[in-house]
Amino acid sequence: EPEVTQTPSHQVTQMGQEVILRCVPISNHLYFYWYRQILGQKVEFLVSFYNNEISEKSEIFDDQFSVERPDGSNFTLKIRSTKLEDSAMYFCASRSLDGRTGELFFGEGSRLTVL
Amino acid sequence: GNSVTQMEGPVTLSEEAFLTINCTYTATGYPSLFWYVQYPGEGLQLLLKATKADDKGSNKGFEATYRKETTSFHLEKGSVQVSDSAVYFCALGGGGADGLTFGKGTHLIIQP
Numbered sequence: 001e002p003e004v005t006q007t008p009s010h011q012v013t014q015m016g017q018e019v020i021l022r023c024v025p026i027s028n029h030l031y032f033y034w035y036r037q038i039l040g041q042k043v044e045f046l047v048s049f050y051n052n053e054i055s056e057k058s059e060i061f062d063d064q065f066s067v068e069r070p071d072g073s074n075f076t077l078k079i080r081s082t083k084l085e086d087s088a089m090y091f092c093a094s095r096s097l098d099g100r101t102g103e104l105f106f107g108e109g110s111r112l113t114v115l
Numbered sequence: 001g002n003s004v005t006q007m008e009g010p011v012t013l014s015e016e017a018f019l020t021i022n023c024t025y026t027a028t029g030y031p032s033l034f035w036y037v038q039y040p041g042e043g044l045q046l047l048l049k050a051t052k053a054d055d056k057g058s059n060k061g062f063e064a065t066y067r068k069e070t071t072s073f074h075l076e077k078g079s080v081q082v083s084d085s086a087v088y089f090c091a092l093g094g095g096g097a098d099g100l101t102f103g104k105g106t107h108l109i110i111q112p
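Just so you know, the sequences run in chain order X and W. My numbering puts the first sequence at residues 1 to 115. My numbering puts the second sequence at residues 1 to 112.
Quick caveat, the hints were computed from the structure, so don't treat them as lab data. Treat the hints with care, as some may be off.
Listed below are the simulated DMTMM-like cross-link pairs for lysine to aspartate or glutamate, each with C-alpha atoms no more than 20 Å apart in a straight line [said to hold, decoys possible]:
id	chain 1	residue 1	chain 2	residue 2
1	W	K104	X	E18
2	W	K60	X	E103
3	W	K60	X	E59
4	W	K56	X	E103
5	X	K78	X	E59
6	W	K77	W	D54
7	W	K104	X	E108
8	X	K57	X	E103
9	W	K56	W	E42
10	X	K42	W	E42
11	W	K104	X	D86
12	W	K52	W	E16
13	W	K104	X	E103
14	W	K104	X	E1
15	X	K83	X	E18
Some but not every residue of chain W turned toward chain X, in silico, with C-beta under 7 Å [stated by the list, open to error]:
id	residue
16	S32
17	G43
18	K49
19	R67
20	G93
21	G99
22	L100
23	F102
A virtual CB, placed ideally from N, CA and C, is assigned to each residue, including glycine.
Kindly generate the complete structure, drawing on both the sequences and the hints.
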C-alpha cells in the first residue's frame, strides 16, 4: 500500500541551526502539507503546496519556514534558525486530486528537538 | 473560519465498555468529516470519514454519523479493547488545496 515517508524520524539540533525535514508523498498525489504537533497538544496546520507553489499558510509559518519540491518526489520543510519553541513532531501529508472527499495521508512524523 | 471541538480527555474505560467521543464543528460550506487515530509513538492514521450529511463512516468497529442539523460527528464503539488505547482526532476539510482542521484530540485509555 502506498504511503508517505518522512526522514529523519528524530533530529536533535542546537538553537539557531538550520533544519531540513524531508518527505516523500504518495506518488500520484498533487497536494502536499506540513503540520506540526507540539507534545501533548493539537495538530496544527503549517502550509499547503500545490502546483509548485504555496496554496495556504498559517500564521505559524513565518519567514523562518520554507518549503520546496526540489524534484519529482521529495517535499521538504526548512527551518532557517531554529528556536526552542520549534520542538515538535512535524507531519507531512499528501492528497490526491480527488475532489471534495478530502482525505489526507500522513507520514509517521519527524520529531524535532531543539536544545 | 472552520473549527472543531472535541471532548476533553483523558477518557478512561474498562475493556468491553461502550465508547462515545463527542465532536462538533463549525464550517462554511459542506466539509468532509474525519476521525484520525494516533497510536503511541506513531503518526496519524485515518480511522473513518463521511463526506456528506447523514453519511455514516465505519471501520474496526468504530462508527460516526455526519449530522448536519447538530453539526456533530460523534465517534462510537460498542465494545472497546485495550488495543484501542490511543489519541483520537476529529477533523474537517473542504477538499482541494484546503488542509484539515483538527480538534485538540481525545486521549482514550482502555484498562483490562
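Holds or violated: K42/X and E42/W, Cα atoms, limit 20 Å. Cα-Cα ~15 Å, so holds.
- Task: Identify whether the interface hint at S32/W stands, where standing means a beta carbon of chain X within less than 7 Å of its own.
- Result: holds (4 Å)
Next on the checklist: Does D86/X sit within 20 Å of K104/W, going by the straight-line distance between their CA atoms?
Outcome noted: Given that 20 Å is the threshold and the Cα spacing comes to 19 Å, the pair holds.
| request: For the pair we were handed, K78/X and E59/X, check the Cα-Cα distance against 20 Å. | output: holds (16 Å)
*Do the alpha carbons of K56/W and E103/X lie within 20 Å of each other, as the hint requires?*
holds (15 Å)
query: Should the interface hint for L100/W be scored as holding, given a Cβ-Cβ cut-off of 7 Å against chain X?
result: It holds, given that the least Cβ distance between L100/W and chain X is near 6 Å, below 7 Å.
(Q) Take the shortest C-beta to C-beta distance between G43/W and chain X; is it under 7 Å? (A) holds (4 Å)
Practice prompt. Compare the distance between the alpha carbons of K104/W and E18/X with 20 Å, and conclude whether the hinted pair is satisfied.
Written response: Outside the cut-off at roughly 29 Å; violated.
Query raised in the report: Given the hinted pair K52/W and E16/W, is their alpha-carbon gap at most 20 Å?
Result: The given pair, whose Cα atoms are some 30 Å apart, is violated under the 20 Å limit.
request  = Closer than 7 Å between Cβ atoms is the bar; does R67/W clear it against chain X? Give me holds or violated.
outcome  = The hint is violated - R67/W has no Cβ within 7 Å of chain X, the shortest such distance being about 18 Å.
Pairwise hint evaluation, E103/X against K57/X, where the allowed Cα distance is 20 Å at most:
holds (19 Å)
*Does the alpha-carbon distance linking K83/X and E18/X stay inside the 20 Å limit?*
Within the cut-off at roughly 10 Å; holds.
Checked against the numbered hints above, the structure breaks hints 1, 3, 9, 12, 14 and 19 and satisfies the rest.
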